[in-house]
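Protein chains: 2
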Amino acid sequence: MDTLSYFDALFEPALINEINQFGELKHFKEGDIIMDYGKYIRMMPMVISGTLKVLKKDETGKEILLYYLSSNESCSMAYSCCLEAKKSEVKAIAEEDVDLIAIPHTKLDEWLCKYPSWKNYIMRSFNLRFLELLKTVESIAFHKLDDRLIAYLKEKQRLSGSSVIKASHYLIADELATSRVVISRLLKQLENDGKIILYRNEIKLLNDYDYS
Amino acid sequence: MDTLSYFDALFEPALINEINQFGELKHFKEGDIIMDYGKYIRMMPMVISGTLKVLKKDETGKEILLYYLSSNESCSMAYSCCLEAKKSEVKAIAEEDVDLIAIPHTKLDEWLCKYPSWKNYIMRSFNLRFLELLKTVESIAFHKLDDRLIAYLKEKQRLSGSSVIKASHYLIADELATSRVVISRLLKQLENDGKIILYRNEIKLLNDYDYS
DNA sequence: TTTTCTATGTAATATATGTCACCATCCTTC
DNA sequence: GAAGGATGGTGACATATATTACATAGAAAA
Numbered sequence: 335m336d337t338l339s340y341f342d343a344l345f346e347p348a349l350i351n352e353i354n355q356f357g358e359l360k361h362f363k364e365g366d367i368i369m370d371y372g373k374y375i376r377m378m379p380m381v382i383s384g385t386l387k388v389l390k391k392d393e394t395g396k397e398i399l400l401y402y403l404s405s406n407e408s409c410s411m412a413y414s415c416c417l418e419a420k421k422s423e424v425k426a427i428a429e430e431d432v433d434l435i436a437i438p439h440t441k442l443d444e445w446l447c448k449y450p451s452w453k454n455y456i457m458r459s460f461n462l463r464f465l466e467l468l469k470t471v472e473s474i475a476f477h478k479l480d481d482r483l484i485a486y487l488k489e490k491q492r493l494s495g496s497s498v499i500k501a502s503h504y505l506i507a508d509e510l511a512t513s514r515v516v517i518s519r520l521l522k523q524l525e526n527d528g529k530i531i532l533y534r535n536e537i538k539l540l541n542d543y544d545y546s
Numbered sequence: 335m336d337t338l339s340y341f342d343a344l345f346e347p348a349l350i351n352e353i354n355q356f357g358e359l360k361h362f363k364e365g366d367i368i369m370d371y372g373k374y375i376r377m378m379p380m381v382i383s384g385t386l387k388v389l390k391k392d393e394t395g396k397e398i399l400l401y402y403l404s405s406n407e408s409c410s411m412a413y414s415c416c417l418e419a420k421k422s423e424v425k426a427i428a429e430e431d432v433d434l435i436a437i438p439h440t441k442l443d444e445w446l447c448k449y450p451s452w453k454n455y456i457m458r459s460f461n462l463r464f465l466e467l468l469k470t471v472e473s474i475a476f477h478k479l480d481d482r483l484i485a486y487l488k489e490k491q492r493l494s495g496s497s498v499i500k501a502s503h504y505l506i507a508d509e510l511a512t513s514r515v516v517i518s519r520l521l522k523q524l525e526n527d528g529k530i531i532l533y534r535n536e537i538k539l540l541n542d543y544d545y546s
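Residue numbers (our numbering), protein chains in the order written: chain W, 335 to 546; chain F, 335 to 546.
In case anyone wonders, no lab produced these hints; they're calculated from the structure. If you're wondering where the values come from, they're calculated on a predicted model, not measured in any experiment. There's no promise every hint is true.
If chains are identical, the list can't say which one is meant, so a pair holds when it fits in one copy or spans any two.
[What the hints assert, rightly or not] Subject to a maximum C-alpha distance of 30 Å in a straight line, what follows is the list of computed DSSO-like cross-link-like pairs (lysine-lysine):
no. : residue 1 : residue 2
1   : Lys488    : Lys396
2   : Lys529    : Lys360
3   : Lys469    : Lys453
4   : Lys453    : Lys538
5   : Lys500    : Lys441
6   : Lys488    : Lys421
7   : Lys387    : Lys360
8   : Lys387    : Lys478
9   : Lys373    : Lys478
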């Protein structure tokens, strides 16, 4: 399977064979719901291409973006749920078209001991997810909305590779767990400050505000 | 080792022997710093008795409480750091006197394959830590300070087993990442509402506000 | 007791964010 | 082109939280 070439460097051939054999290749279109609140988790996704976003909601239905998963990343949170057949606390949506391999939880477990490279991969994945969650906590707890908004736009730029971000103010407000009016106001402020240019459903980041 | 009796039900005798042999029993007094920002992590703590709290700080030094670890819990976030000899992103402080067993990372790894019960324990621990972090995100992102304060007080009550909480307003403000004045104001409001009674360095939760 | 330090109470004020109302614009569909 | 839906702009106002300043009270130290 060509899409797996990245893993060649990571895993031994025998493991790659097993991944090909037991992993289920799945395709999702932009906007598809890959995992939803309350659903049982029976597999761990390894993203081959594209990007998906992971969200959490409160009782009232308000949602907040936790983090993105893109190529060659896995959601180990899903893994840790498999063992006890837990229901999902989060929702995953395809940010753009996504190819992923779903590894059944029985194999997850088996490979952990059979292939040291798998164990390392899983452990690094756990670590990355923790760090992402910590970054999210830091962002919400310590930063004002305008900073969070800039960070959000830059993250989108990084993931898409384009300085033109396609998103409505509604979408942004949802993912930052605030309201559209607030986001429109802050975006207009950023435009007045010369940091961005606003179009309908699009935001262009200006060059002098690249990553520092 | 008597303190380990809880683990008898969880682990096979051979593993308990290894824990006794290779784990290092450590004692910390209330307020001791168990892990600090930027220090290298080489072991995973298993808490035998007492409670420790895990904090994260921002650039300016402001801190926020992430979660507590108490008896029979482990910090798998530490584990996931061991593999790559990462520096800590968090700080851990003994909330009350703490006994813990420090498991060296070489053994962590070895036991994962050798003892299925260890693997299950570790995976459940990963899952619990994720859920705690999600709870923290939810609390900060979706709840007003007064709700977070009540939740904080109830968590302290649960951990200590006492409805009298020993804490200064300064401490609470730090752990909720706000200022003392704000906490004093909200606490006074809660007292006026008949939910708590305030004393110097102590807060008494009233019965009719037990867990619902 | 007097002094000093820590903890707490509270008013006044500033700022950030949330909410509501309403309008204008663009896009799609009929 | 008309109608309706989605998107975005903006003023007015409400509320939550942060900040500053100062007063008081209790505890500890001298």
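How the hints compare with the structure:
1. Lys488 to Lys396: both (23 Å within a copy, 24 Å between copies)
2. Lys529 to Lys360: neither (39 Å within a copy, 53 Å between copies)
3. Lys469 to Lys453: Close inside one copy (24 Å) and across copies (27 Å); limit 30 Å.
4. Lys453 to Lys538: neither (41 Å within a copy, 48 Å between copies)
5. Lys500 to Lys441: So Lys500 and Lys441 fail the 30 Å test inside a copy (38 Å) and across (48 Å) alike.
6. Lys488 to Lys421: between (32 Å within a copy, 26 Å between copies)
7. Lys387 to Lys360: within (16 Å within a copy, 41 Å between copies)
8. Lys387 to Lys478: both (22 Å within a copy, 26 Å between copies)
9. Lys373 to Lys478: between (33 Å within a copy, 29 Å between copies)
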